[in-house]
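Visitor: Protein chains in written order, with this note's numbering: chain A, 8 to 270; chain B, 2 to 71; chain C, 157 to 365; chain D, 2 to 223.
To be clear, the hints were calculated from the coordinates, so they are not data collected in a lab. For glycine and all other residues, C-beta sits at the position ideal for the given N, C-alpha and C. Mixed in with the good hints, there may be bad ones.
[Unchecked claim] Across the chosen pairs, the derived CB separations fall in these ranges:
#1 D:G201 / B:V32: 30 to 36 Å
#2 C:E226 / A:V100: 35 to 41 Å
#3 D:L63 / A:P40: 45 to 51 Å
#4 A:P62 / C:G168: 56 to 62 Å
#5 D:T190 / C:E265: 54 to 60 Å
#6 A:R164 / C:E348: 44 to 50 Å
#7 D:T133 / B:Q12: 36 to 42 Å
#8 D:R158 / A:N102: 45 to 51 Å
#9 B:V32 / D:L3: 56 to 62 Å
[What the hints assert, rightly or not] Computed footprint of chain D on chain A, listed as stretches where at least three residues anywhere in the stretch have a Cβ under 8 Å from a Cβ of chain D:
#10 149-155
#11 158-172
#12 184-195
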Amino acid sequence: MTTLTRAPVRSPEGLLRFAAPQQFYPLAGRLAPWFAWAAALLTVVGLYIGFFVAPTDFQQGEVYRVIFIHVPAAWMSMFIYLVMAFWAAVGLVMNTRLSFIMSQALAPTGAMFCFVALWTGAVWGKPTWGTYWVWDARLTSQLLLLFLYFGFIALTRAIEDPRRADRAGAIIALVGAVNVPIIYFSVQWWNTLHQGASVSLTRAPSMASTMLAGMLIMAIAAWMYAIAVALWRVRALILERERHTEWVGEVLAAEAQTQGRAR
Amino acid sequence: MQWESWSAFWQMGGAAPYVWGSYGVTLALIVAELVLVIRRRKDTVNRLLRWRRALGKDVGGSQARMESVE
Amino acid sequence: MLQATDLACLKGDRLLFRGLALTLAPGDLLRVAGPNGVGKTSLLRLLTGLTHPEAGEVSWQGVALRRNRERFHRALLYLGHAAALNDMLSPLENLRFACAAAGDEDVDEERCVQALVRIGLAEQLDLPARVLSQGQRRRVGLARLFLSAQRPLWVLDEPFTALDVNAVAELATTLSDHCAAGGIVVLTTHQEAPFARPPQVLDLGSYAC
Amino acid sequence: MLSAFLAVLRRDLLLSWRGRADLLVTLAFFVIVVCLFPFGVGAETNQLRAIAPGVLWVAALLASLLSLHRLFAQDHADGTLEQLLLSSEPAVLWVAGKIVAFWLTTGLPLVVAAPGLALLFDLEQGALPVLTLSLALGTPILALLGAVGAALTLGVRGGGMLLALLVLPLYVPVLIFGAGAVDAYLGGTGAAAHLLLLGGGLAGALALAPWACAAALRIAME
Numbered sequence: 008m009t010t011l012t013r014a015p016v017r018s019p020e021g022l023l024r025f026a027a028p029q030q031f032y033p034l035a036g037r038l039a040p041w042f043a044w045a046a047a048l049l050t051v052v053g054l055y056i057g058f059f060v061a062p063t064d065f066q067q068g069e070v071y072r073v074i075f076i077h078v079p080a081a082w083m084s085m086f087i088y089l090v091m092a093f094w095a096a097v098g099l100v101m102n103t104r105l106s107f108i109m110s111q112a113l114a115p116t117g118a119m120f121c122f123v124a125l126w127t128g129a130v131w132g133k134p135t136w137g138t139y140w141v142w143d144a145r146l147t148s149q150l151l152l153l154f155l156y157f158g159f160i161a162l163t164r165a166i167e168d169p170r171r172a173d174r175a176g177a178i179i180a181l182v183g184a185v186n187v188p189i190i191y192f193s194v195q196w197w198n199t200l201h202q203g204a205s206v207s208l209t210r211a212p213s214m215a216s217t218m219l220a221g222m223l224i225m226a227i228a229a230w231m232y233a234i235a236v237a238l239w240r241v242r243a244l245i246l247e248r249e250r251h252t253e254w255v256g257e258v259l260a261a262e263a264q265t266q267g268r269a270r
Numbered sequence: 002m003q004w005e006s007w008s009a010f011w012q013m014g015g016a017a018p019y020v021w022g023s024y025g026v027t028l029a030l031i032v033a034e035l036v037l038v039i040r041r042r043k044d045t046v047n048r049l050l051r052w053r054r055a056l057g058k059d060v061g062g063s064q065a066r067m068e069s070v071e
Numbered sequence: 157m158l159q160a161t162d163l164a165c166l167k168g169d170r171l172l173f174r175g176l177a178l179t180l181a182p183g184d185l186l187r188v189a190g191p192n193g194v195g196k197t198s199l200l201r202l203l204t205g206l207t208h209p210e211a212g213e214v215s216w217q218g219v220a221l222r223r224n225r226e227r228f229h230r231a232l233l234y235l236g237h238a239a240a241l242n243d244m245l246s247p248l249e250n251l252r253f254a255c256a257a258a259g260d261e262d263v264d265e266e267r268c269v270q271a272l273v274r275i276g277l278a279e280q281l282d283l284p285a286r287v288l289s290q291g292q293r294r295r296v297g298l299a300r301l302f303l304s305a306q307r308p309l310w311v312l313d314e315p316f317t318a319l320d321v322n323a324v325a326e327l328a329t330t331l332s333d334h335c336a337a338g339g340i341v342v343l344t345t346h347q348e349a350p351f352a353r354p355p356q357v358l359d360l361g362s363y364a365c
Numbered sequence: 002m003l004s005a006f007l008a009v010l011r012r013d014l015l016l017s018w019r020g021r022a023d024l025l026v027t028l029a030f031f032v033i034v035v036c037l038f039p040f041g042v043g044a045e046t047n048q049l050r051a052i053a054p055g056v057l058w059v060a061a062l063l064a065s066l067l068s069l070h071r072l073f074a075q076d077h078a079d080g081t082l083e084q085l086l087l088s089s090e091p092a093v094l095w096v097a098g099k100i101v102a103f104w105l106t107t108g109l110p111l112v113v114a115a116p117g118l119a120l121l122f123d124l125e126q127g128a129l130p131v132l133t134l135s136l137a138l139g140t141p142i143l144a145l146l147g148a149v150g151a152a153l154t155l156g157v158r159g160g161g162m163l164l165a166l167l168v169l170p171l172y173v174p175v176l177i178f179g180a181g182a183v184d185a186y187l188g189g190t191g192a193a194a195h196l197l198l199l200g201g202g203l204a205g206a207l208a209l210a211p212w213a214c215a216a217a218l219r220i221a222m223e
């Protein structure tokens with residue numbers, strides 16, 4: 008016997024799934040400025056230490072001061088990829104939309120840091136090695152990481168259905184994350200075979216503690232910056248995704264009012 | 002203090018183009034990213050507001066029906 | 157027994173329908189009706205487990221599809237909008253592949269030939285599929301009905317399209333027989349067909365958002 | 002259990018045979034790309050000998066990318082993919098069948114043709130078996146990884162370019178160990194380590210890629 012009925016109430020599980028972005032949106036809006044200010048403050052402190060406290064390097068002279076952005080950027084670019092893959096995995100397993108949005112919001116910042124690491128590495132290389140680019144294991148895997156970022160961003164942008172874009176992006180992020188260590192070790196292997204260990208970015212162990220302090224503070228600043236920007240981007244993505252819900256309508260109405268007042 | 006004068010600071014012991022080139026590009030990229038993020042948010046809000054207004058009457062109607070369902 | 161509770165379907169950023177529930181027991185023949193774009197195909201694909209609902213759940217014999225995929229797919233025959241024919245293969249090759257890929261290991265070449273002859277493609281058995289007419293292509297897909305009697309649940313998207321009057325009548329008889337034997341049929345169609353007893357109708361338009 | 006695997010394998014091989022002109026295009030592309038290099042870098046024998054492994058490997062990699070976007074496209078367009086996803090057999094099996102058929106029709110010809118082309122670069126005779134073996138182990142990895150990319154970009158606008166962007170970075174380790182195997186043999190250190198690593202990579206890709214590919218196909222049908 009066929010029965011065709013209209014369900015009276017939504018299941019609680021469904022409600023929960025719809026609700027998560029709604030609660031995160033205002034939270035992200037409240038948190039982001041704090042992270043942004045922390046980033047700005049730490050950058051000022053870090054750069055002060057880097058430029059005015061840390062001594063001149065006895066081998067490289069002043070050029071080494073690029074380290075205060077190069078190393079944090081390189082760390083962030085790798086770490087953000089792993090965080091992206093983590094959110095992708097969470098999204099695939101738990102089926103939560105917010106996780107996919109998080110991983111997509113992180114990608115452009117990760118790519119930016121990746122490019123910064125490459126650029127500063129190359130610029131640093133010219134006075135140190137006499138050439139802008141060597142096919143050093145780190146630089147090369149950094150370059151490939153940039154391509155992985157581009158692939159992820161291009162794929163998630165090219166697919167129009169957001170559900171499919173989320174999941175397809177998650178798979179490529181995970182495949183990439185499995186490959187990042189493989190790429191790194193293979194490039195290192197290849198590098199040692201072809202050039203020997205003559206050219207390496209490995210820094211002297213006797214790094215002055217003020218140098219290290221400046222670098223670490225800059226790394227934390229990069230962290231704060233990445234979080235702030237990702238949160239802001241998440242907000243825009245959430246609005247876009249949830250546009251057919253009631254609460255986005257309310258948010259938009261409030262935005263329209265403030266815009267009107269500003270004019 | 003590491004520097005004898007401000008001009009010594011800007012010259013960076015002869016490595017000025019490399020050091021300031023790195024910092025300049027990084028700063029430019031960060032500013033560009035921030036601008037893009039802020040503009041993206043504005044664009045999204047404006048586009049969605051336009052979208053709501055365009056659908057205005059329809060949305061209102063179906064909204065009412067959805068509420069009557071629940 | 158096929159059961160759906162509180163289904164919501166999102167396509168792109170548009171909510172097609174929500175709050176849809178249905179229960180189909182052996183012997184039921186359900187016709188999904190509604191204007192174009194209301195989500196008839198989307199509903200059928202939800203019921204086959206090809207897509208996942210935005211909210212709600214589909215279950216087969218009381219177990220949710222995602223926990224029961226293999227058993228459910230053994231019980232299901234879905235014929236979609238596209239005929240699943242490769243133009244470079246003959247109807248016979250296409251049909252044999254379709255059965256083997258679906259997991260019907262007991263279907264041999266002899267039975268495929270019989271099915272194709274019965275549906276009126278005796279002369280086209282070995283021609284490449286690209287020379288077939290629309291109606292003939294549709295028939296190759298429908299030939300699987302004769303080989304899938306052991307699959308209780310048939311989900312058919314527009315099975316009557318491009319068929320002539322006689323073929324429509326024959327197909328209606330086949331579907332009615334399947335239901336009489338305890339099967340379940342869900343289909344979409346825009347045309348009336350002479351079923352043995354009138355199908356139940358689900359008007360999707362009334363669930364639209 | 003294997004019926005879906007065998008059915009897909011048999012059908013795809015049959016389809017490739019009926020459309021065999023397409024296969025020759027892949028092979029011709031491989032040959033032509035390899036032959037372009039002497040024009041670009043000069044025909045100095047020692048130099049050609051030195052770059053031969055890399056050239057052959059890069060050309061094989063590009064050639065295997067050439068027809069990759071067609072791996073699932075036809076089945077996607079005509080509805081066969083839907084039917085396969087509704088099979089009661091596990092999707093991993095028939096996905097593996099498709100990948101095997103794809104490699105047999107596009108990868109294997111490259112493996113067979115490579116030693117002949119290597120002679121054009123005056124590669125040492127003893128290195129030919131190493132080259133062949135490295136390609137035989139490496140090109141299946143390319144097919145497996147590529148299949149994941151092909152499934153992800155199925156039906157996406159600009160899919161072909163996107164596919165290249167997605168999979169080429171992932172191909173780099175294969176290229177390194179593949180070309181490296183021949184270099185290592187020529188350098189006298191022996192190719193065993195490289196070939197073992199390639200073999201390990203193949204085992205890993207065989208274990209993981211069909212799953213990822215099946216998941217990507219399910220996503221693509223949503």
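Visitor: Which of the listed hints are not met by the structure?
Guide: 1, 2, 7, 8
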